[in-house]
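A.B. asks: Go by the hints and put chain U with the ligands onto chain E.
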Amino acid sequence: MSGDCFSIFTLLRQAWTGQGGLKPMWREPEPKSAYDAVIVGGGGHGLATAYYLAKEHGMSNIAVLEKGWIGSGNVGRNTTIVRSNYLLPGNIPFYEHSLKLWEGLEQEINYNAMVSQRGVINLFHSDAQRDDHVRRGNAMRLHGVDAVLLDREGVRQRAPFLDFDHARFPIHGGLLQPRGGTVRHDAVAWGYARAADRRGVDIVQNCAVTGIRVEAGRVIGVETSRGLIRAPRVGLACAGNSSRVAAMAGLRLPIESHVLTAFVSEALKPLINTVITFGAGHFYISQSDKGGLVFGASIDGYNSYAQRGNLPTIEDSCEEAMALIPALGRLRLLRHWSGIMDMSMDGSPIIDRTPIAGLYLNAGWCIGGFKATPASGWCFAHLIARDTPHPVAAAYRLDRFATGHLLDEAGTGADVTMH
Amino acid sequence: MRIPCPHCGDRSHDEFSYGGAADRRRPTTADFGPEWLDYVYLRDNPAGLHRELWYHGSGCRCWLIVERNTLSHAITAVHAVLPASSPAMEDA
Ligand SMILES: Cc1cc2nc3c(=O)[nH]c(=O)nc-3n(C[C@H](O)[C@H](O)[C@H](O)COP(=O)(O)OP(=O)(O)OC[C@H]3O[C@@H](n4cnc5c(N)ncnc54)[C@H](O)[C@@H]3O)c2cc1C
Ligand SMILES: [Zn+2]
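Going down the list, the sequences are from chains E and U. One point on numbering: in the working numbering, the residue at position 380 of the first sequence is 380, and numbering is uninterrupted. One point on numbering: in the working numbering, the residue at position 84 of the second sequence is 1084, and numbering is uninterrupted.
Rather than coming from a laboratory, the hints here were simulated on the basis of the structure. The model shown is predicted, which means the values in this text are computed figures rather than measured ones. For glycine and all other residues, C-beta sits at the position ideal for the given N, C-alpha and C. It is possible that part of the hints are untrue.
[What the hints assert, rightly or not] A few chain E residues facing chain U, derived, Cβ under 7 Å:
1) Ser-243
2) Arg-244
3) Ala-306
4) Gly-411
5) Ala-414
Isolated chain E, as found in the complex:
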């Protein structure tokens, strides 16, 4: 077997031979002067897009241009949760398509992405919140998505360590999506990169796009730190940097960039075998296979490109952790880190054409775009190859902010700190 595949036998052999026989998982090509299409941004979405362009649409003379190294953005910074427990008809089919692609991903790309369908439980703490969760669960089931309403005892069976009788936020029950769970995030970047590379896609790292060339209303290529690269189709998948890159083509987006922080604790013996979200704040927790508790909360709440958050958010997250699981009080945090979120004004993404022919936009993922990675790549590839939106992403239009066809899951309006 070749040195970029891993079986138990290659791993054992390498252990005895100093790991010297492993090949890089993808090439490091010099960028060509022209491609049939280029994708800007080597995060999960850009790499998945390239893979599906090659696999599903037979376009292999394409490149992914990444300013740093692949996986250095949000795809390597998130808390790895995947689910399709949405409410709106414009969202559910897209996220369910994504979850189905996750279910087959490891076979598809022959890569262990540690897809773990350990379930996701959204807790509720009042009667009104229960009604809200019942409504969401019913919307999911009407779309053929799995949803189970748990009462208090049902939650207790799965997570006896929660503070059920918290004076202010007692736990009344939860909405469980059994097929939700976690996926090893950087393996997703690496796996898609290797699979795309094998189909001939050039993955060009350390190649920052610095300009977008437009002639007569049509994109003709991109200027980069490594020279001009011509392409009749350019797809932008730059997550937190979407506004900056779109501005190179004169576009102003309905997006603000904000910082989101996540945490991991020291390793514990198995404690939490599912994903739990606190309904009275914005906090969620799971346990990694290494034993660390992984948790996150809200964005700091001010414009930022710093990839570094501030202490009040950390304090706030820890207070929420304590309100939910008092037993965490003596646990130490090992690390925290942040990423830059492309917060759209209605909390939903954009996968669409732009007013410039041949220029396509994939942005606005807010704090939840990791779960979307496979479907985002699938639908963006479809859009770029055929110049028509994929049916499950048809609601993710750029002009919805002008036409009023918003997709506001949280119903909070154009205030990104509320999404």
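C.D. replies: Frame of chain E, contents of chain U with the ligands only:
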């Protein structure tokens, strides 16, 4: 991140609420069109200097205009939206 409030001094940012970009202007027309689209939904979202509003809710209860670098979080200027002697200030 600490915001040097002109009335209260250096305070942690969690005493404040964020009000977004400072220079958006509410359109004068009542009809929804490009001006309202721009005002409600579109943002400059710069990487670098940003003029933005913060409300000091746990302090002087005044709105401030803060000039802050979104790449480093460094704050270079802060001033109150209303002059200190305005009636709104005396109510607070
Ligand atoms: C702390 C945290 C927790 C999260 N938790 C979850 C979660 O549990 N579940 C979930 O679904 N989502 C989660 N998310 C959100 C999710 O990570 C993102 O929505 C998603 O990863 C964004 O898509 P991406 O992977 O393509 O982004 P990225 O990996 O950020 O990719 C964008 C790439 O574009 C590159 N780029 C930018 N500008 C240029 C340029 N000019 N030229 C070339 N390249 C450029 C960047 O370097 C970057 O690599 C979380 C995010 C964070 C930060
Ligand atoms: Zn003050």
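A.B. asks: If you take the shortest Cβ to Cβ gap from E:Gly-411 to chain U, is it below 7 Å?
C.D. replies: Check failed: Cβ of E:Gly-411 comes no nearer than 16 Å to chain U, outside 7 Å.
A.B. asks: Should the hint that E:Ala-306 touches chain U count as held when the rule is a Cβ pair under 7 Å?
C.D. replies: Because about 6 Å separates E:Ala-306 from the closest Cβ in chain U, which is inside the 7 Å limit, the hint holds.
A.B. asks: Can we keep the E:Arg-244 interface hint, with Cβ of chain U closer than 7 Å?
C.D. replies: 5 Å, holds
A.B. asks: Taking the closest Cβ pair, is E:Ala-414 under 7 Å from chain U?
C.D. replies: 5 Å, holds
A.B. asks: Regarding the hint that E:Ser-243 lies at the interface with chain U, is the smallest CB-CB distance below 7 Å?
C.D. replies: At 4 Å from the nearest chain U Cβ, E:Ser-243 passes the 7 Å test, so the hint holds.
The structure fails hint 4 only (numbered hints given earlier).
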